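Number of protein chains: 2
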Amino acid sequence: MGEKSNKASQNAGQVVDGPTNPMVTPLLTDLYQFTMAYAYWKAGKHNERAVFDLYFRKNPFAGEFTVFAGLEECIKLIANFKLTEEEISFIHQSLPGSCEEGFLHYLREIDCSDVEVYAISEGTVVFPKVPLLRLEGPVAVVQLLETPVLNLVNFASLVATNAARHRLVAGKSKMLLEFGLRRAQGPDGAIGASKYCYIGGFDATSNAAAGRLFGIPLRGTHSHAFVSSFMGHDEILERTLCSSDGSSTCEDFVALVQSWLRKIQLLKSLGGTFGDTNQSELAAFISYALAFPNNFLALVDTYDVMRSGVPNFCAVALALDDLGYKAVGIRLDSGDLAYLSCEARKIFHIIEKEFGVPDFGKTAITASNDLNEETLDGLKKQGHEVDCFGIGTYLVTCYAQAALGCVFKLVEINNKPRIKLSEDVSKVSIPCKKRCYRLYGKEGYSLVDIMTGENEPCPKVGERILCRHPFSESTRAYVVPKRVEELLKCYWPGKSGKERQELPALKDIREYCIRQLEQMRPDHIRRLNPTPYKVSVSANLYDFIHFLWLNEAPVGELH
Amino acid sequence: MGEKSNKASQNAGQVVDGPTNPMVTPLLTDLYQFTMAYAYWKAGKHNERAVFDLYFRKNPFAGEFTVFAGLEECIKLIANFKLTEEEISFIHQSLPGSCEEGFLHYLREIDCSDVEVYAISEGTVVFPKVPLLRLEGPVAVVQLLETPVLNLVNFASLVATNAARHRLVAGKSKMLLEFGLRRAQGPDGAIGASKYCYIGGFDATSNAAAGRLFGIPLRGTHSHAFVSSFMGHDEILERTLCSSDGSSTCEDFVALVQSWLRKIQLLKSLGGTFGDTNQSELAAFISYALAFPNNFLALVDTYDVMRSGVPNFCAVALALDDLGYKAVGIRLDSGDLAYLSCEARKIFHIIEKEFGVPDFGKTAITASNDLNEETLDGLKKQGHEVDCFGIGTYLVTCYAQAALGCVFKLVEINNKPRIKLSEDVSKVSIPCKKRCYRLYGKEGYSLVDIMTGENEPCPKVGERILCRHPFSESTRAYVVPKRVEELLKCYWPGKSGKERQELPALKDIREYCIRQLEQMRPDHIRRLNPTPYKVSVSANLYDFIHFLWLNEAPVGELH
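Chains as they are written, first to last, in the numbering used here: chain F, 87 to 645; chain H, 87 to 645.
Misleading hints may appear alongside valid ones.
Identical copies look the same in the list; a pair holds intra-copy or inter-copy alike.
Claimed, not checked - Here are the simulated EDC-like pairs of lysine to aspartate or glutamate, each with C-alpha atoms no more than 16 Å apart in a straight line:
id, residue 1, residue 2
1, 128, 321
2, 506, 390
3, 432, 445
4, 568, 604
5, 502, 331
6, 506, 419
7, 502, 594
8, 260, 338
9, 412, 445
10, 513, 186
11, 568, 549
12, 349, 172
13, 513, 390
14, 513, 456
15, 519, 572
16, 448, 572
These aren't lab readings, by the way, just hints derived from the structure by calculation.
Since the model is a prediction, treat every value here as computed from it, not as a measurement.
Start from the sequences and build out the full structure, keeping to the hints where you can.
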């Protein structure tokens, strides 16, 4: 598990840690990958060199962009891909009918030392049809990788994209916290969501395990249960609190808070808003402040936000201020978040002014409670005073669209290009081992992605190139790129002798992803009616696709 | 990991294996559980005895029932709950500000030996508001359990319910296969889905890792890539096939298949349906049959189902029949599944008749391709000949509703009942440590669930009892139960000395779940406009809820 894992491989002369989740083993695949491996082996085809592309056909969330994530975990799987004796014996039992001993011996031998992996960098903004990964190697081995690699990329990219969309609608200035552990789809649905939401632009998580595994900043204070577990002040036995600078001690912090509460209640500028507050709530707040005087953040909606939670918070915050501590803020977890945040902000400003507490007006307001892209957008339009959003269920389960449809298609075997046909044109695969480029225009935005055959010349800066839609004859455009970026890099060289691209640190992936989004033309990433980004093929590749298509498709007969 | 795990606990005198996923540790919780633990500890409240209920408020998928799952994993977590030094040191760094040494010592000491867990049996059909689990113990420890237990129950119950709904619409006679690994929300989103779909009534999975961990039957044959990896018959080097009984050997199985293909093409009763089929597809089918002569199942839609896939399948199947092997069937993965299955069935019947092959008409037809509850229902209404459905994305990601909203609420502390209020009545918690019963009527169906205070007498068979809606004054009914079942059983006794309910085997949970669904009144589980099942409280509990509510709620002031 992360830094604890000692499972590493010397494949291709490189040491790479094992997958974060120890359940990710070569057995985490569909049974049919093993039945096919046996059939390939029986036919003597298992070592034929195959090229597979992993790509998706449609951006999620009715959007026009996707954030690619999950690459690091794929490489960790591939680097350490080795079946155990126990796994081989399980496969032996599981294959229908009997299989020959020689196949079991073959399974013992296989690893990914002869597999090459080319991939787009993790955190890149990507588009339909362009391969995110290209795997080359013995057909039987690469087929075994199909399912786990799809599993590791599909959800990772989906939830990173979801996080990026939440960030885009919330704006750069807001703090975004991922709070999804309890509602996520299983333990590492949660851990994965924490990791990939961080990549997509979230600032922190509540998930302690994810904090430890990945170094993601952690956030969290207390729940409603903490508040309702208190009955009254008599439960607070230890009432002293040392001042922030250690110079003095308040002997009865409870009394200090209560004196501030009375002052607040008497404030004319609050127009008599505050009557009696809930005293068990106040006891909970005081207890929490005594434990964390430097980090007092109170959940204020257990009983009544404006009549109890906010004045109780203010009384404790002002008492802390007397001792040199600065309260962090409040959290709202129900009700009309726009209205309540504005009302709370007003009171913070009044208190700043009336009691001369600098910056009290800027006290942080956190909001949670079933937030999603739509509610964030709604809050923004309505106007609110929230500084920080805690987002759970809708973010981590990708409630608006719970799956991304990445597929893994054979594009070449034994140097012969292969195509998968379908009555649905969007499902026809783009054959051949390809190179993929992103072409940038003079304003710095990317204009188009283009796929070419492996041996075609690279598009050149300043030279006109024809970009064709892969399946629509009349859709094409000349582009003169100001910058050309090759998208697929070698992340696992196999026996090719190529240099292996290093896996960047999570923080660097996150920063790269944020920069990527900043560099996108705004109309591609906007929420409403985004413009589709253009994905094209070279003229040569276009011609070849259509030659192969006609060659493979059966000719209909009308009677 | 399952049988491999040696992590076990002697707590409460019981040995229980650790969680299936080794990432499930006490650190898999929200940071705020630790900040609260520290605040409880600082206030000297950490050992106060608290009772928490875990329940959901609304059935998923617009239905009126839920299948409870995830209990075994909860008990495995609880039985082995112990923080490591490394975890404690991570918590120490992660708490905001400094914490006292004594707290770290406290963290070293805690386990669940003083926690009691009462739960409804895994696989039971359950309803909103009724506690699925009740956890009692020191408040700080039980709070630490909140997040992981919610995580382990929420997705498990959601996906088991989704599987049960797919089973209900497909009918008992169909074979249902879970094919979701590649699209699931992460590695153990997939493994969990395989486990809980099996509980909910699926027959098998494609996920080899889940097969090994849980003993779930595995299914899988080959993909489109296998078919398109073949170019022609010259790739088939080894062409001999021994007959099923070992009495003879066919020296050229390829030639035998080709002779059958010609016979099929010449069949008058097929009306000249078949022209030339795709020969690379035929080569792939022959190779697969040579590897698995007893388990020949072919994916027939790579090129064209009716013009190529089905006749190629039939030719191989008839050649196998010559040698005493019975082909299993075909899989359709695109197109109009209802139409194609009916057309394929017709051809199978014609071949049975024309060539006198017994039962060829019953050749199995499997369908896959983005199936869900709606499409299964649509196929049924349209009429089809599919025997077996492979269901992936929509099933395992619970696409129609990606999260279940189980909550974990404090209902009692130090023997004092607690209530969580809300402006939204459906969010008000039901206070008190409770007992829960299911009351059955004379037809054997369950009539109503009722919650009572811990010390109220148990409802008696043949005695009239008043069942009240917890929040609606006028909704109530007298019930005379024919059978009374107590729902919450002791799965982890802590120090209570009670007997621990054994965790049943997965297969037994599955069978119990299937029986449970059979025993439900059909109108509660139907897809369209299902009738809500009644959940009630006793008259005493009703009165107490409303007494406490008035006590805690602030009184409004109108100006």
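>> Are any of the numbered hints broken by this structure? If so, which, sorted upward?
In response: 4, 5, 7, 8, 10, 12 and 16
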